[in-house]
Structures are given as C-alpha cells and as structure tokens.
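The hints should help you fit chain D onto chain Y, whose structure is shown.
Going down the list, the protein sequences come from chains Y and D.
Per the numbering used here, residue 1 is the first one in the first sequence, and the count goes up by one each step.
Per the numbering used here, residue 1 is the first one in the second sequence, and the count goes up by one each step.
Check the hints yourself; a few may be wrong.
Beyond 12 Å from chain Y on every Cβ pair, some chain D residues (computed) [as the list claims (entries may be wrong)]:
| # | residue |
| --- | --- |
| 1 | Asn6 |
| 2 | Thr7 |
| 3 | Ala8 |
If you want the footprint, here are the derived chain Y segments under chain D, 3+ residues with CB under 8 Å [unchecked claim]:
| # | segment |
| --- | --- |
| 4 | 309-317 |
| 5 | 329-342 |
| 6 | 345-351 |
Just so you know, these hints were derived from the structure itself, not from any lab.
In this text, a Cβ means the ideal position worked out from N, Cα and C, and glycines have one as well.
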Amino acid sequence: MPELPLTIAEAAAWLRSGKITSVALTEAQLARAHATQDTLAAFILIMDEVALAGARQADADFAAAIDRGPLQGIPIGVKDIIATKDAPTTANSRVMDPAWGQRDDATVVKKLREAGAVIFGKLGLHEYALGWPDPDTGFRIPKNPWDLSRTPGGSSSGTGAAVAGGLILGGLGTCTGGSVRGPASYCGISGMKQTFGRVSKEGCVPLGYSLDHIGPMARTARDCAIMLQVMAGYDPLDLCSVDTPVPDMLAVMNGSLAGVRIGVPRDYFFTVPNLDEDVKTTVEAALDAMAAAGATLVEVAIPHADAARHAQRVTMIGEAYAYHEPDLKSKPELYGKYTRQAFQLGAFYSAADYVNAQRLRPLIRQECAEAFGTKGRGGVDVLIVPTMASVAPTFAGYDPDAMMRSYGFTPIWNLTGLPALSIPAGFSDGGLPIGMQVVGRPFDEPIVFKVADAYQQLTDWHLTIPPLAQDLAKEALPA
Amino acid sequence: MSDTTNTADAAAQVDLVLARTGLPVTPEERERLIRLYPMIAEWTGALRLPETRYAEPALIYPATFDR
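This is chain Y alone, in the form it adopts within the complex (with noise of 0.2 Å):
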C-alpha cells in the first residue's frame, strides 16, 4: 500500500515525479480530514468539491507543463478566521457577522492559490482566536493527536491538529500572542510567525491590530519556508504591511550550524517558576546539540522580558476590545464564557495604560538589538529559548485566571515584532511534544529557517508521528 508523503517538500517531488497526483494526495487527505472529525475535529469545514477542483487544475497544469511552484497541488488549510471566496468565515464563534465573510479571498488565500495550492477547508481555533473552547457554543473542539484529552494548544488548534495528524501537509495559523507558535510545540510540528509586515493581514478578522500575523504551519521548517515564500510580501490593502523585497527563504539553508552564533537568554526565559524541567532540560539539551554541530552560544539578557508580556496583554486585550465592545454589551450571551471573560478585561484598561504598553515596545526593541549585537563583531544570528512552559494541558481542569498569570515566552515576539519560528525539540517523559524558538533580527527570517532546518537534519523529532496519525497512514490510498 503507498503511503503519503509527510512533507511539503516531499510532496511537492512526489507530485513531479508521477508518483502520485493531486487529486490522489488531496482524496487520501480528504478521507482522514472525515474520518477523524469525530475524534480530532481538526475542521470547522472541509471543503471536498473546492479542494477536488483545486487538485483538477493542479494536474492539468502538471500536465501542460505549468509549474507555479512547490505548493503548486499541495491540499492547505485555512484557519476559519481568515476570509475565502467559496467557504464562511465563522471566527469560531455565534458572533461573528455572516455578512463579514461573503467576500473576496483574504491576500494570503489569494497568493495560495495563485501558487497552485489546494484550498482544503476551514480550520478550527479558539473563538475569536483568543480564550479557551466553550462546549455550550457548539463548535466542535480541536484535540491534540498524542492525547485526545489535551488541547492542541490555541489559537490555531486546528491547524496544529491537522498537520500534526497528517490531515494536510500545511496550514495557515493566527498569531497575536503566540497562537502559531504554542499549537506548533504542544502538537510537535513547525509554526512560523515572521516579521510584522511581512505578510499581509488583510482579510483576517483582527484580534490585536498592531500584533496580529497570518503565519505558515507545517511539519518542516523547510515547509513553513516554502509557505512564506508565497505568502509574503507587500499589500497596500493592509496599513501594517512592510514595502521591504522578500528575500528567498531558503536561500541560506544549507544544513549546517558551523559559524552560526546563538544567543541565549537564560534569565527569564529559563528561570521562570513554572518553567517545566521537561521543558528546560530538552531545550538545553538541543542547544547542547547544535553547539557540537558547530553552533556558538553566547549568554545575552533582555531585562524587561517579564513586562513585555504585560505589556503584550494590554495592547492585545485593549485592541481586541475596542473591537468587540459593540457585541459585548449587545450580545454578550453569544460569546464562549471564557472569550467573553477575557474580552471583559479591556474595560479595566485605561488609555493611559494603552499608551503605556506602546511606550514599552521601543525599550524592549532596544533590548532586543543589543542582545543581537552586531552582525560580524561578535553578535548572533538567532536567539533561542523555549516555546511554552510546559506540554500540552488537559482540557479538564483548565483555569483561565491561573493561565493568564503563567509567564509566556511567545508574546514578546508580537510586542517586538521579530520573527520567531517554533520547532519541535524533543518530548517529555509523558511522550509529548516539547518545542523551542528560533528568533531572528526584523526581516531576516532565512538565517532563522537556516538554524531551525539544520537542527532538523541533525534530530527527527519533527518527523515523529502521533499514534493517531500512524493508523491513519496504514489505509489505502483511494483507488
């Protein structure tokens, strides 16, 4: 029986080489995507007649010899925050307005299918892209696929599910506070939040303006790679979007650690009390790895890394209220009770407080500009640290006050801006998955795909299959 491939890049060759075609890899992915809606409930919606059209066209272009490239008849899903053409946009919630999505493609979903890519369907988050899954609102609920009892991490739960389940090769996530980064480590895939402005945002039902990113989610750094590449690039549609050239992703990945310098800041970000030791060991551990590969470490501090994240939550629950005040006052009841509660908060901040957290932004961006140093006079090209604290939670016993007090290591790289790429780094005693991040200088996400991409020549946690998924991959293709 023929497996499928596990990579975008391995998909892509099998697709040049006959070995199969779109329509058969976009089938087999469509059969899992159902099979399991009921147990991982990665989709909000399939979409098996646009998905099977989009394959059509894919292999009459192989067929004619138009090749737009390697996404070109590769399925990809969306996170159902983000508008296209032929499907709702639901944000996961009773709230959002029907008339906001019956429009054109978002950019991104636009760039996608420009390259040939499949549009498979709409994934599952958290509502609104923030909070915690209510059941009483009636959304299925993402699951993690190395335990049906954990979240997949939020807000891009069903991208996490999805890729990590072998349901589609690649995805698109939402980031504002680390919803790429944090599914991508508690499901063991890839997840890349680049530069803010990078890729544009238009089309995507904001959460925090000045933080929100549609990033690349896939099982690869390579993949997520492959995926910015399309996916960048300047859009007037979108005020935050940067007029820069997009420079080529894979440009300097040649899988080698050798001269590469690595700066860690160990205070905070691997200090802080509820630090798994899982989680700091298996980081330590991988920095240990790429240093014998040829890796430099250098110890650097960023001070007010624990206000940053204060000053994240402000900006992104100030925004998100501003936002959503209208629905909470006229229809509060609409809202998941934890989204609901979250939102509340907004109220307690002032403008002063708002103004405040802006304030922040530059220090901690000086901060982060002495920490890298400068690039040939003794600076470093990436900095490391973990992704999330621990591995995946349980969904029973959740508590949303204990959550928001936890410390984080994701929301300083929306507060700044900086490109931060989580990949897998190992797995607890438990077997879960455990993941760092590879943060690079504003714009020069290639050098953070270099490391993270040599670091996976080196290991296989990325390539380390959930049980769930291994089952699904002993089925037969479609005839």
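Frame of chain Y, contents of chain D only:
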C-alpha cells in the same frame, strides 16, 4: 489604575468601571473581576517604568493619501 488591593475597594472600582462602560456581566463575572482587579492594577503598574518616562510610544500613522 490605582494600587487599591483590598476587596471592598476592588469591588467599588469594578462597579465604577462597569457603570461607566455599560458592560453587562453576570454576578459570577463581577466576582471574578473583583478577584482579578488587584492583579490588573499590578500589571498595568508594571508598565510605568522610569526608563520609559519620556519615551515616544510605538504609534505610527502614515500621513498619506496612498494607503
């Protein structure tokens, strides 16, 4: 945000904000907000740093007709 941390003052502050904003909350949500109020005050207080006393906020508005 003041540094008020005792429950009575927290309740008064929460009620003031709810009255001013007109935000509807359930009794359980009001109790939660009262519980969280000292933490919110502490966190927003943490944003008032001597280092940023005269810093410009990271707010940019492009004065152009092009975007």
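Verification of the supplied hints:
no. : hint    : verdict
1   : Asn6    : holds (17 Å)
2   : Thr7    : holds (16 Å)
3   : Ala8    : holds (17 Å)
4   : 309-317 : holds (count 4)
5   : 329-342 : holds (count 4)
6   : 345-351 : holds (count 5)
Violated hints: none; the structure is consistent with every hint.
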